[in-house]
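Go by the hints and put chains B, C, D, E and F onto chain A.
6 protein chains.
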Amino acid sequence: MGRLTHFDEQGQARMVDVSEKQETERVAIAQGEIQTSAKTARLIAEGEIGKGDVLAVARLAGIMGAKRTADLIPLCHPLSLSSVSVDLTLDEQACMVRIEATCKLKGRTGVEMEALTAVNVAALTVYDMCKAVDRGMVIGNIRLVHKSGGKSGTYEVRE
Amino acid sequence: MGRLTHFDEQGQARMVDVSEKQETERVAIAQGEIQTSAKTARLIAEGEIGKGDVLAVARLAGIMGAKRTADLIPLCHPLSLSSVSVDLTLDEQACMVRIEATCKLKGRTGVEMEALTAVNVAALTVYDMCKAVDRGMVIGNIRLVHKSGGKSGTYEVRE
Amino acid sequence: MGRLTHFDEQGQARMVDVSEKQETERVAIAQGEIQTSAKTARLIAEGEIGKGDVLAVARLAGIMGAKRTADLIPLCHPLSLSSVSVDLTLDEQACMVRIEATCKLKGRTGVEMEALTAVNVAALTVYDMCKAVDRGMVIGNIRLVHKSGGKSGTYEVRE
Amino acid sequence: MGRLTHFDEQGQARMVDVSEKQETERVAIAQGEIQTSAKTARLIAEGEIGKGDVLAVARLAGIMGAKRTADLIPLCHPLSLSSVSVDLTLDEQACMVRIEATCKLKGRTGVEMEALTAVNVAALTVYDMCKAVDRGMVIGNIRLVHKSGGKSGTYEVRE
Amino acid sequence: MGRLTHFDEQGQARMVDVSEKQETERVAIAQGEIQTSAKTARLIAEGEIGKGDVLAVARLAGIMGAKRTADLIPLCHPLSLSSVSVDLTLDEQACMVRIEATCKLKGRTGVEMEALTAVNVAALTVYDMCKAVDRGMVIGNIRLVHKSGGKSGTYEVRE
Amino acid sequence: MGRLTHFDEQGQARMVDVSEKQETERVAIAQGEIQTSAKTARLIAEGEIGKGDVLAVARLAGIMGAKRTADLIPLCHPLSLSSVSVDLTLDEQACMVRIEATCKLKGRTGVEMEALTAVNVAALTVYDMCKAVDRGMVIGNIRLVHKSGGKSGTYEVRE
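Chains as they are written, first to last, in the numbering used here: chain A, 1 to 159; chain B, 1 to 159; chain C, 1 to 159; chain D, 1 to 159; chain E, 1 to 159; chain F, 1 to 159.
Just chain A, same shape as in the assembly (with noise of 0.2 Å):
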């Protein structure tokens, strides 16, 4: 059966060794969504195309986020990310905020980490701009549906 490779065999947390790891191009893609109320979803999209842009707000932060994600999660390698890009898009219909955000290194470990936090701060950064008119936004569906480069071979989630 498999083993957390975080923990050594006494069981304490460590960051894993990667130095004998090839440097590859590492892709991650992972992709979330916010649930609004009917009325923040309206705001939002007046926003979009006036004044008061929260996705704009939301991608940057996302983007910086990706930045931190050695400094949030404990066991993460600090990395030397070449490029971040993250998407939102709303769907007023499905009252509903999708994010999805792409992270790229050529290094010796993933960017799924960088990915997943870059989506999880945009989510954020839309509750914390829309919360004022809004505290019952849900964030979730949080996953990640795209990686490649590395050991492992490329990973995939077929929607």
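Hints may contain errors.
Which copy is meant is left open, because identical chains are indistinguishable; a pair holds if it fits in one copy or across any two.
Pairs of lysine-lysine, DSSO-like flavour, derived with a Cα cap of 27 Å [what the hints assert, rightly or not]:
| id | residue 1 | residue 2 |
| --- | --- | --- |
| 1 | K21 | K151 |
| 2 | K39 | K151 |
| 3 | K106 | K21 |
| 4 | K106 | K151 |
| 5 | K39 | K106 |
Read the hints as simulated data drawn from the structure, not as lab findings.
Here is chains B, C, D, E and F on its own, set in the frame of chain A:
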């Protein structure tokens, strides 16, 4: 109709002025969860009773994450939190880790974002520690469940 | 003759003791500007009305930068800012972006450095976003234009 | 006409993908200055030869600031700088502190922003240390004077 | 018998709730030292009177380190320190640098950890600056020597 | 006679240029200890086997601290550590917690400071968690015990 207070009349993002607000005791509680495979749930359960406690690491990460909220969320005020606690409980049957974070402050602005950030960072840390055996985990249902203190009164989600 | 208060009698740097100061409402306003080429000014102008809003990104960076002041400036006190706003306006004729930042605090020490840091970080961000088309931009005229609160009274620059 | 590379086709901010760029030796030099009153210039001069060396504190702050560039500038890549030096020289006659920062990196992206950030943080630190005696100081003329390495070749400002 | 207050009844780490504590003037003083070779002590002594002042760099690092305490120590409260000073003195005879840090706060929790962190970071900085000539330096005797303010009264180490 | 490489010919602090150094596998091991009262040692021991594991919290803090080294130590290079592990062992008889940290990097500069910082932060965290019952703890004997990789060869402390 409501307006998003994080933008001024020109639609420009700003940190809301709270200098006229009262210093009151503020409390916020947020919850969330992470869905795992059966195998991952079992590994987490074993760690709790033996070696390699995933939930203890995630708890600490959540507490430390709450302290980084203003670094991550662009328009959040820097706050001197007076208390943070994060609880993670494994429901092995349901293959789910449930997370609840409580933040307190004697101050001029609420601590919802701190509680939500704690939950997000704790969930990301669970993901990080288990991802070598389970890439399909899904983080979700992250929401505010309680807020008290401040002008807007108490907010409570009934389950 | 005056003495630099950030040094003690031995000339050793220190963080000045403000524990005896009054908690008052403190406000500081700083300004600065960045000179660009005509082409860059036009690209910024296009972004404002269409795609790629340089000034919106710089505004956010300035706000977040104000919160990092005590991390950057060795002898600055960590502060719980109650408000930060940053305005950037393009004077396309003059090929100039003008920046103004306003910070507020109810506390024991002034917020000049926070306002100045916001202006600096906003200016650097404009530079970063335009540097691929214009390396000759010049950041300048960064100064305090207003300060109120605290024992030393109000300081106002008349233009 | 040029395009701002920090935005994609939809005008959304992103961290530019540098994973295909060559790892080369990158150097950037930035300069700036801070204008003071005669009295402040004299106090700084006294510190250099005696107690309370403003320029030494600002130099360190500039070096440390260069390391925080990716935390401050939203779309900057995190970099593993191989060298940072910051020089501050007082021109007491002209009541001016001149600042020059040099950054180096063996990597896939330039270090202009690191050099410019070092200059800005050093200038802010001079301001902070002298502001009790001189609120009218002005930071200015911050610009890139040299850049080498990378596809775009060497950039040099002739004075 | 005593209990470690940083754990709840289930043994889970938490940030202790200080919201009911009084806001009082808190002071803490910590000390420590670093033992060097005779050669290193001589080099440090030369720097003090001439070029390359190791102790001045370490002093600044200690002050800035105090401000990062809550980022480093998982269960420390974020605090708005009102004063930090760090003194380093070389005892060239004894080949020893002695460090003392004093922190103050008007707040609900003590500042022992801030003073101790300042000493640690200052000592590490001395090590960093001298390690090219002396890898055998030893940091030691780091302890709290004074604490006042708060319910538990004054603590004083007599030497 | 040796010279402190962190200063240039004018005695000005700088971050040493490592761009010409070889990328090699670098390893550093540091040790330290914290002396406690008998009561504190007993409480720590109980936590290990039951509730409230001080050493596990300190281990995580040490790992995260290693990643913050370049933020704390002014002239340290930012590094992409490939591995960090921190071991804490309680010697209840001797009333002592012994700490050992190992850091690895494939890079151009050594990781001594990262290992030493991990030990320091772990020790501070033990202090923080036990200080409510024991203010007299002393942190000491922090030193480098092994270093390999790089031009200067292997350094090993024999005990």
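Cross-check of the supplied hints:
no., hint, in the structure
1, K21 / K151, "both (8 Å within a copy, 23 Å between copies)"
2, K39 / K151, "between (47 Å within a copy, 22 Å between copies)"
3, K106 / K21, "both (12 Å within a copy, 11 Å between copies)"
4, K106 / K151, "both (14 Å within a copy, 19 Å between copies)"
5, K39 / K106, "neither (43 Å within a copy, 31 Å between copies)"
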